[in-house]
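For the record, the sequence lines run as chains G, V and R.
Residue 6 in the UniProt record's numbering is what sits at position 6 of the first sequence, and the numbering runs on without skipping anything.
Residue 9 in the UniProt record's numbering is what sits at position 9 of the second sequence, and the numbering runs on without skipping anything.
Residue 99 in the UniProt record's numbering is what sits at position 99 of the third sequence, and the numbering runs on without skipping anything.
Because the hints were derived from the structure by calculation, they are not lab data.
Hints may be right or wrong, so weigh each one.
[To be verified] Derived contacts from chain G toward chain V, CB cut-off under 10 Å, selection only:
| hint | residue |
| --- | --- |
| 1 | VAL128 |
| 2 | PHE145 |
| 3 | SER195 |
Note that beta-carbon positions come from the ideal geometry of N, C-alpha and C, so glycine has one too.
Take a look at the letters that make up each chain.
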Amino acid sequence: MNLLYALDLIGTFVFAISGLRLAAKKEMDLFGASVIACVTAVGGGTVRDLLIGATPVAWITNVHYGVAIILAVPVTIIFRKYIVELKRTIFIFDSIGIALFTISGMEKAFSYGLSPSMAISMGVVSAVIGGVIRDILCNEIPLIFRKEIYATACLIGALFFFVLSKMGLNTDLNYILTTSLIFSIRVIAIKYNLSIPKIR
Amino acid sequence: MNLLYALDLIGTFVFAISGLRLAAKKEMDLFGASVIACVTAVGGGTVRDLLIGATPVAWITNVHYGVAIILAVPVTIIFRKYIVELKRTIFIFDSIGIALFTISGMEKAFSYGLSPSMAISMGVVSAVIGGVIRDILCNEIPLIFRKEIYATACLIGALFFFVLSKMGLNTDLNYILTTSLIFSIRVIAIKYNLSIPKIR
Amino acid sequence: MNLLYALDLIGTFVFAISGLRLAAKKEMDLFGASVIACVTAVGGGTVRDLLIGATPVAWITNVHYGVAIILAVPVTIIFRKYIVELKRTIFIFDSIGIALFTISGMEKAFSYGLSPSMAISMGVVSAVIGGVIRDILCNEIPLIFRKEIYATACLIGALFFFVLSKMGLNTDLNYILTTSLIFSIRVIAIKYNLSIPKIR
Numbered sequence: 001m002n003l004l005y006a007l008d009l010i011g012t013f014v015f016a017i018s019g020l021r022l023a024a025k026k027e028m029d030l031f032g033a034s035v036i037a038c039v040t041a042v043g044g045g046t047v048r049d050l051l052i053g054a055t056p057v058a059w060i061t062n063v064h065y066g067v068a069i070i071l072a073v074p075v076t077i078i079f080r081k082y083i084v085e086l087k088r089t090i091f092i093f094d095s096i097g098i099a100l101f102t103i104s105g106m107e108k109a110f111s112y113g114l115s116p117s118m119a120i121s122m123g124v125v126s127a128v129i130g131g132v133i134r135d136i137l138c139n140e141i142p143l144i145f146r147k148e149i150y151a152t153a154c155l156i157g158a159l160f161f162f163v164l165s166k167m168g169l170n171t172d173l174n175y176i177l178t179t180s181l182i183f184s185i186r187v188i189a190i191k192y193n194l195s196i197p198k199i200r
Numbered sequence: 001m002n003l004l005y006a007l008d009l010i011g012t013f014v015f016a017i018s019g020l021r022l023a024a025k026k027e028m029d030l031f032g033a034s035v036i037a038c039v040t041a042v043g044g045g046t047v048r049d050l051l052i053g054a055t056p057v058a059w060i061t062n063v064h065y066g067v068a069i070i071l072a073v074p075v076t077i078i079f080r081k082y083i084v085e086l087k088r089t090i091f092i093f094d095s096i097g098i099a100l101f102t103i104s105g106m107e108k109a110f111s112y113g114l115s116p117s118m119a120i121s122m123g124v125v126s127a128v129i130g131g132v133i134r135d136i137l138c139n140e141i142p143l144i145f146r147k148e149i150y151a152t153a154c155l156i157g158a159l160f161f162f163v164l165s166k167m168g169l170n171t172d173l174n175y176i177l178t179t180s181l182i183f184s185i186r187v188i189a190i191k192y193n194l195s196i197p198k199i200r
Numbered sequence: 001m002n003l004l005y006a007l008d009l010i011g012t013f014v015f016a017i018s019g020l021r022l023a024a025k026k027e028m029d030l031f032g033a034s035v036i037a038c039v040t041a042v043g044g045g046t047v048r049d050l051l052i053g054a055t056p057v058a059w060i061t062n063v064h065y066g067v068a069i070i071l072a073v074p075v076t077i078i079f080r081k082y083i084v085e086l087k088r089t090i091f092i093f094d095s096i097g098i099a100l101f102t103i104s105g106m107e108k109a110f111s112y113g114l115s116p117s118m119a120i121s122m123g124v125v126s127a128v129i130g131g132v133i134r135d136i137l138c139n140e141i142p143l144i145f146r147k148e149i150y151a152t153a154c155l156i157g158a159l160f161f162f163v164l165s166k167m168g169l170n171t172d173l174n175y176i177l178t179t180s181l182i183f184s185i186r187v188i189a190i191k192y193n194l195s196i197p198k199i200r
């Protein structure tokens with residue numbers, strides 16, 4: 001639990017950075033960029049909580065999420081040049097982030113008594129909706145609808161996590177294996193430029 | 001009830017197809033297209049349920065909606081050419097779909113004790129919001145804000161349904177009459193190119 | 001309370017007008033424009049209510065908000081020319097509107113037991129999200145992410161309101177002082193073309 005929670009906060013922090021970077025590209029001011037950072041970081045979990053009726057949503061009653069986001073602002077500005085060069089690092093953190101959000105989203109859905117198929121859906125929703133809202137607010141077609149394997153990695157990871165937990169695997173070990181799987185799928189997809197076939 | 005439920009699922013199925021077709025036009029991949037299909041099909045009912053506090057929302061606890069959407073994917077791909085030629089058929093199903101969603105949305109709102117004016121609003125919300133979210137995700141100004149009579153047909157149908165049910169009409173008959181009315185308004189609006197005056 | 005409620009309705013009315021005007025610029029029809037008016041006027045409060053779990057949301061159980069919005073339609077059409085010339089008047093009402101929504105949003109959040117930092121966030125959300133949704137539906141990057149000090153005025157006002165109420169100031173006086181502060185910040189920002197530095 002503590003491991004998952006820590007990683008959840010890291011995911012929040014890293015997603016906030018990805019929001020700030022897109023906002024900078026769109027020449028937004030500091031306030032607008034902070035809003036984008038917030039919705040990117042907590043958007044997925046918020047939609048999940050609304051859909052399953054877990055209100056007030058998590059970040060309203062737990063201040064740590066807000067702190068993680070606020071911390072991301074100076075870090076992004078100070079390490080700006082470093083972050084640009086570390087595009088690879090961002091990619092790594094982002095991929096870890098979606099993996100963690102997939103898992104924590106599923107766990108929360110199960111704790112509310114949802115069926116496995118819906119818990120898996122909620123895992124994917126938690127991982128990808130933040131980025132979708134970020135892109136809509138920036139007036140772009142959400143990247144997950146166009147780019148390389150992204151949400152699909154979450155979906156595969158969520159199925160994997162469910163099967164392993166049904167098989168009675170130790171939860172912490174399952175966290176690590178699932179995170180590794182989602183991370184590996186993303187790396188391989190990028191390296192070999194894999195993508196899902198377009199419809200039609 | 002059983003009639004309404006069956007028609008509700010048909011509406012879900014048909015709306016999913018309309019989402020898949022727009023996604024194909026936007027050259028999305030299969031996963032992205034499936035997401036668009038989902039939000040088109042369940043978006044309206046989801047927003048209605050969130051607003052009236054009926055959480056978890058309907059499709060989370062009832063797997064049939066998900067099945068209807070998943071079925072739409074192979075059907076759209078296999079009958080692709082057929083569907084393009086059957087644009088008229090899609091239009092027919094879509095028009096039936098909004099009629100059914102208007103009615104089922106109102107019935108749900110009434111069952112939560114809403115006032116008539118709000119129940120009518122929730123009927124229109126149920127029918128049209130899915131398409132609005134679909135268009136936003138595809139980065140277009142929602143069609144209902146530009147095109148021929150669409151949401152207005154739902155609004156007129158909702159009023160008609162309310163008046164008839166106040167007059168004590170048999171519910172099943174009312175379903176059929178209201179569906180026919182909304183359907184007819186749409187057909188006539190298309191045939192004679194009717195539209196609502198623009199503002200200003 | 002009565003003062004706040006009356007001003008809340010005025011804010012709803014004025015925001016509806018701002019939605020109608022943008023819809024007219026986008027050449028929407030009367031129905032689409034009315035929908036834009038609704039979401040502009042009640043969007044912020046709706047998102048706030050969903051996040052804190054205050055469902056059904058306020059305007060579903062209180063018909064006065066709907067009446068305020070419906071009234072805005074003929075007023076905008078009849079006084080069209082007058083409103084264009086009175087751009088300054090709209091600006092004034094809009095600025096009063098965000099001030100009032102900031103305060104009423106905070107008060108509602110406090111009444112649901114939220115922490116001060118979250119109540120302040122909910123105040124800003126109530127004030128600005130309606131305009132954000134309006135801009136997304138019209139396929140524009142939300143103005144608050146680009147323009148002069150707007151949401152920041154709400155944030156400063158919300159902090160001010162909180163500090164003064166902690167100091168035991170009379171509530172009605174606090175309403176007036178906070179509204180004046182937010183209003184003044186906006187006027188000064190426009191007059192001297194102040195803006196927040198862009199990120200990067």
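List of violated hint numbers, smallest to largest: none
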